[in-house]
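**Q** Residue numbers (the UniProt record's numbering), protein chains in the order written: chain A, 1 to 187; chain B, 1 to 187; chain C, 1 to 187; chain D, 1 to 187.
Any given hint could be a false lead.
What the simulated footprint calls covered on chain A by chain B, stretch by stretch (three residues with Cβ under 8 Å from a Cβ of chain B suffice, anywhere in the stretch; the number is not a length) [claimed, not checked]:
| # | region |
| --- | --- |
| 1 | 38 to 51 |
| 2 | 54 to 61 |
| 3 | 78 to 86 |
| 4 | 94 to 105 |
| 5 | 155 to 162 |
| 6 | 165 to 174 |
Facing chain C, a subset of chain D residues (Cβ under 7 Å, in silico) [what the hints assert, rightly or not]:
| # | residue |
| --- | --- |
| 7 | Ala-24 |
| 8 | Leu-147 |
| 9 | His-154 |
| 10 | Thr-160 |
Which chain D residues stay away from chain C? Per the calculated CB distances, all over 10 Å, these [unchecked claim]:
| # | residue |
| --- | --- |
| 11 | Thr-92 |
| 12 | Arg-134 |
| 13 | Phe-153 |
These are computed hints drawn from the structure, not numbers from a lab. Predicted model, so just to flag it, every value in this text is computed and none were measured. We put the beta carbon where it would ideally sit given N, CA and C, even for glycine.
Number of protein chains: 4
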Amino acid sequence: MARRSTATKVHRAVVDMVGSAPVAAITMEGIAERAGVSKQTLYRSWASTGAILCDALLARSVDARGAVVVPDSGDLHVDLRFLALAMVEELTDREQGPLLRAVTAEVLSDDALGSQVREHLLHPQLRGIAERFRAANVADPDAAAELFVGPIFHRWLLRTRPFAEGWAEGHAARVVRAVQATDDAGA
Amino acid sequence: MARRSTATKVHRAVVDMVGSAPVAAITMEGIAERAGVSKQTLYRSWASTGAILCDALLARSVDARGAVVVPDSGDLHVDLRFLALAMVEELTDREQGPLLRAVTAEVLSDDALGSQVREHLLHPQLRGIAERFRAANVADPDAAAELFVGPIFHRWLLRTRPFAEGWAEGHAARVVRAVQATDDAGA
Amino acid sequence: MARRSTATKVHRAVVDMVGSAPVAAITMEGIAERAGVSKQTLYRSWASTGAILCDALLARSVDARGAVVVPDSGDLHVDLRFLALAMVEELTDREQGPLLRAVTAEVLSDDALGSQVREHLLHPQLRGIAERFRAANVADPDAAAELFVGPIFHRWLLRTRPFAEGWAEGHAARVVRAVQATDDAGA
Amino acid sequence: MARRSTATKVHRAVVDMVGSAPVAAITMEGIAERAGVSKQTLYRSWASTGAILCDALLARSVDARGAVVVPDSGDLHVDLRFLALAMVEELTDREQGPLLRAVTAEVLSDDALGSQVREHLLHPQLRGIAERFRAANVADPDAAAELFVGPIFHRWLLRTRPFAEGWAEGHAARVVRAVQATDDAGA
DNA sequence: TTATAACCGAGACGGTACGTCTAGTCTTAAA
DNA sequence: TTTAAGACTAGACGTACCGTCTCGGTTATAA
Numbered sequence: 001m002a003r004r005s006t007a008t009k010v011h012r013a014v015v016d017m018v019g020s021a022p023v024a025a026i027t028m029e030g031i032a033e034r035a036g037v038s039k040q041t042l043y044r045s046w047a048s049t050g051a052i053l054c055d056a057l058l059a060r061s062v063d064a065r066g067a068v069v070v071p072d073s074g075d076l077h078v079d080l081r082f083l084a085l086a087m088v089e090e091l092t093d094r095e096q097g098p099l100l101r102a103v104t105a106e107v108l109s110d111d112a113l114g115s116q117v118r119e120h121l122l123h124p125q126l127r128g129i130a131e132r133f134r135a136a137n138v139a140d141p142d143a144a145a146e147l148f149v150g151p152i153f154h155r156w157l158l159r160t161r162p163f164a165e166g167w168a169e170g171h172a173a174r175v176v177r178a179v180q181a182t183d184d185a186g187a
Numbered sequence: 001m002a003r004r005s006t007a008t009k010v011h012r013a014v015v016d017m018v019g020s021a022p023v024a025a026i027t028m029e030g031i032a033e034r035a036g037v038s039k040q041t042l043y044r045s046w047a048s049t050g051a052i053l054c055d056a057l058l059a060r061s062v063d064a065r066g067a068v069v070v071p072d073s074g075d076l077h078v079d080l081r082f083l084a085l086a087m088v089e090e091l092t093d094r095e096q097g098p099l100l101r102a103v104t105a106e107v108l109s110d111d112a113l114g115s116q117v118r119e120h121l122l123h124p125q126l127r128g129i130a131e132r133f134r135a136a137n138v139a140d141p142d143a144a145a146e147l148f149v150g151p152i153f154h155r156w157l158l159r160t161r162p163f164a165e166g167w168a169e170g171h172a173a174r175v176v177r178a179v180q181a182t183d184d185a186g187a
Numbered sequence: 001m002a003r004r005s006t007a008t009k010v011h012r013a014v015v016d017m018v019g020s021a022p023v024a025a026i027t028m029e030g031i032a033e034r035a036g037v038s039k040q041t042l043y044r045s046w047a048s049t050g051a052i053l054c055d056a057l058l059a060r061s062v063d064a065r066g067a068v069v070v071p072d073s074g075d076l077h078v079d080l081r082f083l084a085l086a087m088v089e090e091l092t093d094r095e096q097g098p099l100l101r102a103v104t105a106e107v108l109s110d111d112a113l114g115s116q117v118r119e120h121l122l123h124p125q126l127r128g129i130a131e132r133f134r135a136a137n138v139a140d141p142d143a144a145a146e147l148f149v150g151p152i153f154h155r156w157l158l159r160t161r162p163f164a165e166g167w168a169e170g171h172a173a174r175v176v177r178a179v180q181a182t183d184d185a186g187a
Numbered sequence: 001m002a003r004r005s006t007a008t009k010v011h012r013a014v015v016d017m018v019g020s021a022p023v024a025a026i027t028m029e030g031i032a033e034r035a036g037v038s039k040q041t042l043y044r045s046w047a048s049t050g051a052i053l054c055d056a057l058l059a060r061s062v063d064a065r066g067a068v069v070v071p072d073s074g075d076l077h078v079d080l081r082f083l084a085l086a087m088v089e090e091l092t093d094r095e096q097g098p099l100l101r102a103v104t105a106e107v108l109s110d111d112a113l114g115s116q117v118r119e120h121l122l123h124p125q126l127r128g129i130a131e132r133f134r135a136a137n138v139a140d141p142d143a144a145a146e147l148f149v150g151p152i153f154h155r156w157l158l159r160t161r162p163f164a165e166g167w168a169e170g171h172a173a174r175v176v177r178a179v180q181a182t183d184d185a186g187a
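Please model the complete structure; the sequences and the hints are all you need to start from.
**A** Printed below as a string of structure tokens:
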């Protein structure tokens, strides 16, 4: 009970902080104070702010019953459109977005954390999407998954352009036509 | 002369450091010591380690006469294949790779730096590639550029998979077929 | 039985520790671990490391049948010589010495402990020695006791000089002549 | 100049603290805060609270032109009485007393500090007093000095008894008669 | 040629956060 | 019921960098 409560308080704290302060301001001491918990308790369970952020992110995904749920309605275009919209919505969510961004930042300078994120988030996501492509008889479904995910990630992380109204649908359509073409070409 | 020499020493230092140490170990004090320069001298010219890294990156690009040179041989497929190979080579270069990764990391937690990188690196790159697509009569060349760049960036930054032999060529082929399909579909 | 056994283990632990480590390394946690006892058990019986050390010291004295046994052979000089030698031997004992030193250190920053040490060790010691002087008809036996004890304590605690061979005997002789002189002068 | 000012502030702080708080409350962080100085500045100049206390003590002695000034009026009794009174006064001084006590406490658990205190305070003091005895033709002046200093130190440090009115004079008289007796005996 | 300035290295300084350690309190599980 | 085990808040430890700030000692031009 106490353990659960500690983790909950800590997750709450980092989610709040990540949404209202620059990433650099996420410190072990700050989290401890915000969560009403001692530093020692943090270090007992987590090795770094990155680990806490990652844990908070995974906890949310678990709460939401699986991070990646790729729909399969039989119509690839419909499913991809839905998925693109869901991803964009998640990435721009007031709480989820900054959390994902912060975790991504930590991943860049912490290999161990990177492995964990890849294993628990990225690979499952890519695998799930590739599976959907495979079900649609698309040639090289893994590459198709990257073709789908890559541009969304690029635009979001680097903020090259905001996600305009209709962009997600357009991207889905583009990828659908692309892989169908690939399919045709392969046929 | 003196200024030039200072900047040169500093650039040299960060490039060396970024290749041989974790990103987090790049500190103003460390750079100063490594470059044989005083902290004050660093702060006179740069506001943060991010600014130095960015400057070092831009200096290299300038040395190499423009960061993005998109070839135009008339054959889109040939050109994209060349470009993909060049990008992968740059991203996996022993010096350039870690530098780009470090700058990317800094960008995630420094908006001002982000704007600068977008303006001087990302947008020119996307614009150049889009231009090539436009010349090939591809519909929505901006989206095509993102379709090309996104997956390369995603795979590189998140290390979801190493760049296998032949991957770049495969990716170029995929994008070519995709946009040609788009073209056909649009026609 | 259990209590006794606990106290024994704890005393054993602190005596061992005090002889083989700097005083500052004597911590409640360390003692608990060394004695194979939980922290809670320590706190149940003692308020601080000082209290444990003091307790260990008193336990030893009790084992040795009274801390201060001042001999009375009738010859003051002989008795003081014996006493001085015994004191020096105790203070330089491999186990007793460090223990006494550690307790003295704690006394300096813990008034409650100081009262206890004064009551159970220092005053009985001074009283016993004074009694011996009184039996020898020395004027102001309390002051004589301090004259005897003070220099030994000073040299031992502050390590101004090591206890050389023959020093104790010399000191006893000095004090004897001094108080006899006092006696003569008083007579 | 800045350095001087830093040391001054720090000395002021520890003297204030040592007089108004238990010894255990003297911490590097506390001193830093009280002195309005950063921790790093403390550690740059001193290795421990003991070193600071010792430094503060020595600084005071230097200010007062020499820690030990043994008078020599020709009359040993008069001089010793003066000296005893001066020592008792110093030991019971509102500022000097607690400082000396704190330094003594630190000395017990820090050998390096102990050497320094012995060299700069204790040995000069003993030497000075022994010199006075030697001038009075007392046999074994070093032992005489310890006979004089030991009981004062014992009573003060262990608080076996408060310094009553007239005690210092009595002690001086006792020591005088003692060493004269020794002298007579030797003659 | 000598001032006079600009610039530099060195590093002290007040700070913030790091990650570790111990103090004491309190809860749980087994004997 | 007493214990060992150990989680928990609190706070000091000593270190690393931060960004600001003198300090002297070059150069490098202008008088």
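**Q** To test your reading of the hints: which numbers does this structure violate?
**A** Hint check: 1, 2, 3 and 13 fail, others pass.
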